Amino acid sequence: MELGPYLVLATLEGAITAAVLALTAVGLSLVFGVMRVVNIAHGEFFMLGAVLAWWIAQSVAGHPAIGFALALIFAPLLVGALAVAADMTILKRLNYDPERTIVATIGLLYIIQQLTLMGYGPDARPVEAPFNTRLAIPWFERGAEGWQMIWPWGLGTTTYKLAVIGAAAMILCAVWALMTRSRIGLVMRATQADREMALAFGIPVERVYALVFGFGAALAALAAVLIVPIQQAHYLMGGDPLLLSFIVVIIGGLGSLPGTVLAAVLIGLSDGIISVFFSPTLAKIIATLLVALVLVFRPQGLFGGRRT
Amino acid sequence: MTTPKTDPANGLKARVTGTTRRGALSTLAGGVAAASLPMWARYTHAQTAEPIKIGFQVHRTGIGAAYGRWYDRTTQAAVKLINDGGGINGRMVEIVAEDDGTDPKRGAEVVEKFANQHGCDIGFGTLFSHVVIGSAPRAGELKLPYFVVSEGTHVSSGMLNRYTLQPGITDVRSQVIAMAPFITETLGKKVTMIFPDYGFGYDHRDNLAPAIEAQGGEVIAKIAIPPSETSFTKYFPRIPRDTEVLYHVMVGPAVLTFVKELGEFFGGRGPALFGFIDSLEAVTINSPGLEFLENTYFWEGMCRHQQSDESPHETAYRAAVGVDGRGAALNDGRDVSTYAHMFGCWETLHVIKAGMEAAGYRGPKDRAALIEAVEAMTDMPESLAHPQGDKVFNGKTHQVFGHQNISRVEGGKLVRVHRTSIEDSVYPDAVDYTTRPF
Numbered sequence: 001m002e003l004g005p006y007l008v009l010a011t012l013e014g015a016i017t018a019a020v021l022a023l024t025a026v027g028l029s030l031v032f033g034v035m036r037v038v039n040i041a042h043g044e045f046f047m048l049g050a051v052l053a054w055w056i057a058q059s060v061a062g063h064p065a066i067g068f069a070l071a072l073i074f075a076p077l078l079v080g081a082l083a084v085a086a087d088m089t090i091l092k093r094l095n096y097d098p099e100r101t102i103v104a105t106i107g108l109l110y111i112i113q114q115l116t117l118m119g120y121g122p123d124a125r126p127v128e129a130p131f132n133t134r135l136a137i138p139w140f141e142r143g144a145e146g147w148q149m150i151w152p153w154g155l156g157t158t159t160y161k162l163a164v165i166g167a168a169a170m171i172l173c174a175v176w177a178l179m180t181r182s183r184i185g186l187v188m189r190a191t192q193a194d195r196e197m198a199l200a201f202g203i204p205v206e207r208v209y210a211l212v213f214g215f216g217a218a219l220a221a222l223a224a225v226l227i228v229p230i231q232q233a234h235y236l237m238g239g240d241p242l243l244l245s246f247i248v249v250i251i252g253g254l255g256s257l258p259g260t261v262l263a264a265v266l267i268g269l270s271d272g273i274i275s276v277f278f279s280p281t282l283a284k285i286i287a288t289l290l291v292a293l294v295l296v297f298r299p300q301g302l303f304g305g306r307r308t
Numbered sequence: 001m002t003t004p005k006t007d008p009a010n011g012l013k014a015r016v017t018g019t020t021r022r023g024a025l026s027t028l029a030g031g032v033a034a035a036s037l038p039m040w041a042r043y044t045h046a047q048t049a050e051p052i053k054i055g056f057q058v059h060r061t062g063i064g065a066a067y068g069r070w071y072d073r074t075t076q077a078a079v080k081l082i083n084d085g086g087g088i089n090g091r092m093v094e095i096v097a098e099d100d101g102t103d104p105k106r107g108a109e110v111v112e113k114f115a116n117q118h119g120c121d122i123g124f125g126t127l128f129s130h131v132v133i134g135s136a137p138r139a140g141e142l143k144l145p146y147f148v149v150s151e152g153t154h155v156s157s158g159m160l161n162r163y164t165l166q167p168g169i170t171d172v173r174s175q176v177i178a179m180a181p182f183i184t185e186t187l188g189k190k191v192t193m194i195f196p197d198y199g200f201g202y203d204h205r206d207n208l209a210p211a212i213e214a215q216g217g218e219v220i221a222k223i224a225i226p227p228s229e230t231s232f233t234k235y236f237p238r239i240p241r242d243t244e245v246l247y248h249v250m251v252g253p254a255v256l257t258f259v260k261e262l263g264e265f266f267g268g269r270g271p272a273l274f275g276f277i278d279s280l281e282a283v284t285i286n287s288p289g290l291e292f293l294e295n296t297y298f299w300e301g302m303c304r305h306q307q308s309d310e311s312p313h314e315t316a317y318r319a320a321v322g323v324d325g326r327g328a329a330l331n332d333g334r335d336v337s338t339y340a341h342m343f344g345c346w347e348t349l350h351v352i353k354a355g356m357e358a359a360g361y362r363g364p365k366d367r368a369a370l371i372e373a374v375e376a377m378t379d380m381p382e383s384l385a386h387p388q389g390d391k392v393f394n395g396k397t398h399q400v401f402g403h404q405n406i407s408r409v410e411g412g413k414l415v416r417v418h419r420t421s422i423e424d425s426v427y428p429d430a431v432d433y434t435t436r437p438f
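As given, the protein sequences belong to chains A and B, one line each in that order.
Going by the working numbering, the letters in the first sequence line up with residues 1 to 308, in that order.
Going by the working numbering, the letters in the second sequence line up with residues 1 to 438, in that order.
Because the hints were derived from the structure by calculation, they are not lab data.
Note that the structure is predicted; figures quoted are calculated from it, not measured.
Treat the hints with care, since some could be wrong.
[Unchecked claim] Just the calculated beta-carbon pair ranges, DEER-fashion:
(1) R181(A) to G268(B): 45 to 51 Å
(2) E294(B) to T281(A): 32 to 38 Å
(3) K413(B) to V103(A): 52 to 58 Å
(4) M170(A) to A430(B): 57 to 63 Å
(5) F131(A) to S421(B): 35 to 41 Å
We put the beta carbon where it would ideally sit given N, CA and C, even for glycine.
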């Protein structure tokens, strides 16, 4: 394929990765920022979102859009509720101790993954997209009669893929508005800034923690519901998003939402473009190398402030 | 205890029912002695009561899970048939199944468990080539006959050992050389191939180019994709624009995504498609987004959709494994089988039965005799034991050869358009395992 169309396609593919990654990583970043909990089970909440989306979609008859719409609402809610329950029964009892919560969430990872394997099985299952029309993208080429428009095969995308990018952007704006413009956002930020002071001002910190943990998991689940019509639900699908989310969150700065989003776009696009031009393995190598460089030269991340 | 010994009328009764402490102890001691008799003494009837244990290495989890599910069902059905017919040498067959997680390291451990823990007579059933390659050396060390159902050319290439055999399914090299003439004559001469980035895919990569070149064609690009990949569009721009035929073979949980994205990428245009049905095993061809496959071609080991000229043996096989005319489970039309491959388990178990009977197999000390008996096999006529068709076994390379099918998608159905002869798929021996010591 020629360079130009190739680049367009790579950018589009990268944009989808970036969109889903941004949602997942924002969830992870929020949990760390507010609660100081490194949630290793975050990828499993992502996987659970996809599996629940399949379960909801296949149990609803009629047009695939109905099942998908229900999944879009209920899968994140269910996953969020599960995360709230995990917070109240496990993390709270560990007093949110940073080391012990890491071990606890590793345990949670295995429990969720193996229960899914036992209940849902080892197969990958598809969810039908609510709409999916292929859009061919034209290209301009200088031929014998000057510039002309051509439609090279291979250069195209689908309406659903574009919708994923749009939906992710909208959800991220909503999260931003929630954090900066709403009362609950103010409470979360207050808790993030100083837990003791927030307690002194009568903020129910434990309830805020449970809410944040649930919200973070729900964001991961929402990202999974968006991607599942493209990728299928599978019990091992949580590994990659977890790894990439950590890469993104470390590069962007733990707890910084704008940093996380920017890093997600950077990693997503570079993953798409490097994968297309060279190899997906090289894309992962470069992303990991970037993490190492950030950790050495700017440990707080690109956007993270220094903490004491 | 008061026993009225003086009463002759009650004497007999007293001796039968009366229990003395000494008597109870001696009975107990006798029971313990009987229970601790060695194995040989318990099965004094020429081992007829002891089952033949076949260790079944199955991909229950991991990327091969869909194949594992159907390999299991086929194996259970074949064992039921064999046991209903009197077993092997008068002994019942018992399947000892162990999940290997489609993981080579775990595969080797499972082989070890078969030999040392479960006391299996043989190992059987492995599919994914990296698991076979990881497990076979251990089977060789443990001197455990290891019957694989893998398609990999690693058996006949000489990479493995005398204890590893593949008598129930043909290998990739023979499949590829049988397909090449059809591809170049019917579809085009400039071929781009997409294959999974591990052992099985490398068999395709290494054997397709010479086979296509022998037909006057050319493989112009080779695109490797990891079998654990979940998104594929990013690989497709590497398909050169002058490609006439796209040869695709993919495995793993995301094969449906692979084929769907292939359709979205080309958008109804692009090169002719020739796929190995591996790209669609366990996936219904009527899935939304697969409409573009109409009029494209697939290799099939065995035809998933019931053909008009299906043999009675295959019909009986279909019923025994519980598969309908569309290749899906009888009780769940969405549960599509790995029909093009799983017959290998059925046929391999029947080869094992024939081999054990020819060798007069009685226990692990006859393992070498079993391998020699299988090595001595040649023609395997089409029968209920070989429902896929007749086959020829090559004892030197431990590999079986058989017919291959090419199907075209017509109205959402895979219709066979060509069946190759066995001779089409034969290649020179690369090894003679029979010269290697046991």
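* **Distance restraint evaluation - K413(B), V103(A), Cβ atoms, bounds 52 to 58 Å** => Given range 52 to 58 Å: holds, Cβ gap about 54 Å.
* So does M170(A) sit 57 to 63 Å from A430(B), Cβ to Cβ? -> holds (60 Å)
* Confirm or reject the claim that F131(A) and S421(B) have a C-beta distance inside 35 to 41 Å. => Given a distance of about 48 Å, which is not inside 35 to 41 Å, the answer is violated.
* Asked: Taking the beta carbons of E294(B) and T281(A), is their distance inside 32 to 38 Å?
  -> holds (35 Å)
* Asked: At the C-beta level, are R181(A) and G268(B) separated by a distance inside 45 to 51 Å?
  -> Cβ of R181(A) to Cβ of G268(B): about 47 Å, so the range 45 to 51 Å holds.
Hint compliance for this structure: hint 5 is the single one not met.
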